[in-house]
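Trainee: Taking the hints into account, I'd like the entire structure generated from these sequences.
When we follow our numbering, the leftmost residue of the sequence shown carries the number 58, and every step to the right adds one.
Don't read these hints as lab results, they were simulated from the structure.
Hints may be right or wrong, so weigh each one.
[Said to hold, decoys possible] Taking lysine to aspartate or glutamate pairs in the EDC-like style, the calculated list, with each CA pair at most 20 Å apart, reads:
#	residue 1	residue 2
1	K168	D115
2	K232	E186
3	K107	E162
4	K175	D138
5	K107	E165
6	K121	D89
7	K121	E105
8	K168	D147
9	K168	E105
10	K238	D189
11	K168	D153
12	K170	D192
13	K121	D189
14	K121	E186
15	K232	E162
16	K75	D138
17	K170	D147
18	K107	D89
19	K75	D89
20	K107	D147
21	K121	E162
[Claimed, not checked] Derived Cβ-Cβ restraints for the label pairs, each shown as a range:
#	residue 1	residue 2	range
22	G166	L83	41 to 51 Å
23	D89	G156	26 to 36 Å
24	E86	G164	14 to 24 Å
25	D233	A163	29 to 39 Å
We put the beta carbon where it would ideally sit given N, CA and C, even for glycine.
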Amino acid sequence: MSASDKSDSIQQQFAPLKNDRLLRALRFEPIDTTPVWMMRQAGRYLPEYKATRAEAGDFMSLCKDTARATEVTLQPLRRYDLDAAILFSDILTIPDALGLGLYFEAGEGPKFKYPIRKQADLDRLPVLEPNDSLDYVMRAVTSIRTALNGQVPLFGFSGSPWTLATYMIEGGSSKDYRYTKGFLYSDPSFYISY
Numbered sequence: 058m059s060a061s062d063k064s065d066s067i068q069q070q071f072a073p074l075k076n077d078r079l080l081r082a083l084r085f086e087p088i089d090t091t092p093v094w095m096m097r098q099a100g101r102y103l104p105e106y107k108a109t110r111a112e113a114g115d116f117m118s119l120c121k122d123t124a125r126a127t128e129v130t131l132q133p134l135r136r137y138d139l140d141a142a143i144l145f146s147d148i149l150t151i152p153d154a155l156g157l158g159l160y161f162e163a164g165e166g167p168k169f170k171y172p173i174r175k176q177a178d179l180d181r182l183p184v185l186e187p188n189d190s191l192d193y194v195m196r197a198v199t200s201i202r203t204a205l206n207g208q209v210p211l212f213g214f215s216g217s218p219w220t221l222a223t224y225m226i227e228g229g230s231s232k233d234y235r236y237t238k239g240f241l242y243s244d245p246s247f248y249i250s251y
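Mentor: See below:
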């Protein structure tokens with residue numbers, strides 16, 4: 058079975074899209090009204106999110122639990138007339154899968170136990186097989202698309218290479234990007250080669 062055959066068979070298991078307003082707007086096609094979706098569509102402003110988050114224990118457990126990630130993705134759609142579902146996940150799933158030791162510090166956000174500070178750190182990173190190390194993302198996508206039953210499209214997101222690099226090098230968020238700049242200035246070819 059070719060990759061396109063697999064794609065077609067996967068596509069056939071989902072209901073036809075009923076609301077494609079946002080997709081039409083993105084293609085500059087005529088629309089009846091301005092489509093609506095929100096940044097951080099699922100989140101702390103929803104009491105039902107807080108309850109689901111508490112059940113999960115920690116943030117990454119929530120992201121990795123297919124049923125809970127599906128539930129949290131769908132919660133805003135039950136409250137608001139939105140034109141897209143936004144996949145509940147995090148941009149740091151890839152660095153987490155690379156074994157950088159992602160954890161969350163209260164009041165400070167995400168951090169990494171093993172930041173990349175030199176070439177040897179980069180060389181020790183594994184080559185990821187997404188179907189293994191990030192399979193929970195695909196399971197969530199499939200579960201959400203099934204639950205949506207064609208109601209609205211499902212949008213995903215990712216961090217830019219620069220954003221991911223700064224988190225991975227700094228070991229968390231940064232105001233001055235000291236390590237990232239040091240890396241860049243000391244070896245510009247490093248960034249060009251990756």
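Trainee: With reference to the structure, classify each hint as holding or not holding.
Mentor: Now for the hints, and whether the structure bears them out:
Between K168 and D115, the direct Cα distance comes to roughly 14 Å. Compliance with the 20 Å bound is thereby established for this hinted pair. Between K232 and E186, the direct Cα distance comes to roughly 33 Å. Violation of the 20 Å bound is thereby established for this hinted pair. Proposed proximity of K107 and E162 is supported: the alpha carbons are some 18 Å apart, at most 20 Å. With a C-alpha separation of about 48 Å, the suggested pairing of K175 with D138 is violated against the 20 Å cut-off.
Taking the CA atoms of K107 and E165, the gap is about 19 Å. The hint holds against a cut of 20 Å. At most 20 Å may separate the alpha-carbon atoms for a hinted pair to count; K121 and D89 exceed this at roughly 37 Å. Restraint check: the Cα-Cα separation between K121 and E105 comes to about 18 Å, which is no more than 20 Å; the hinted pair holds. For the given pair, K168 sits about 13 Å from D147 by alpha-carbon distance, which is consistent with the 20 Å threshold.
For the hint linking K168 to E105, the alpha-carbon distance of about 26 Å lies beyond 20 Å, and the restraint is violated. Restraint check for K238 and D189: not satisfied, since their Cα atoms lie roughly 33 Å apart, outside the 20 Å limit. For the proposed pair K168 and D153, the alpha carbon gap of about 10 Å is at most 20 Å, so the pair holds. The suggested pairing of K170 with D192 is violated, with an alpha-carbon distance near 23 Å, which exceeds 20 Å.
A distance of roughly 13 Å separates the Cα atoms of K121 and D189; the hinted pair therefore holds under the 20 Å criterion. With a CA separation close to 16 Å, the supplied pair K121 and E186 stays within the 20 Å bound. Restraint check: the Cα-Cα separation between K232 and E162 comes to about 16 Å, which is no more than 20 Å; the hinted pair holds. Taken as a hint, the K75 and D138 pair is honoured in the structure, with Cα atoms around 13 Å apart against an allowance of 20 Å.
Among the hinted pairs, K170 with D147 is consistent with the structure: their alpha-carbon atoms are about 18 Å apart, no more than 20 Å. Restraint check for K107 and D89: not satisfied, since their Cα atoms lie roughly 34 Å apart, outside the 20 Å limit. Between K75 and D89 the alpha-carbon distance is near 14 Å, which keeps this suggested pair within the 20 Å criterion. Our distance criterion of 20 Å between C-alpha atoms is met by K107 and D147, whose separation comes to about 17 Å.
Distance check on the hinted pair: K121 and E162 sit about 19 Å apart at the alpha-carbon level, within 20 Å; holds. Remark: the range hint 41 to 51 Å for G166 to L83 is contradicted by a beta-carbon distance near 30 Å. In this structure the supplied range 26 to 36 Å is violated for D89 paired with G156, their Cβ-Cβ distance being about 48 Å. Against the hinted window of 14 to 24 Å, the Cβ-Cβ separation of E86 and G164 comes to about 45 Å, which falls outside the hint.
Here the CB-CB span from D233 to A163 is close to 22 Å, at odds with the stated 29 to 39 Å.
This entry does not satisfy hints 2, 4, 6, 9, 10, 12, 18, 22, 23, 24, 25, going by the numbered hints stated previously.
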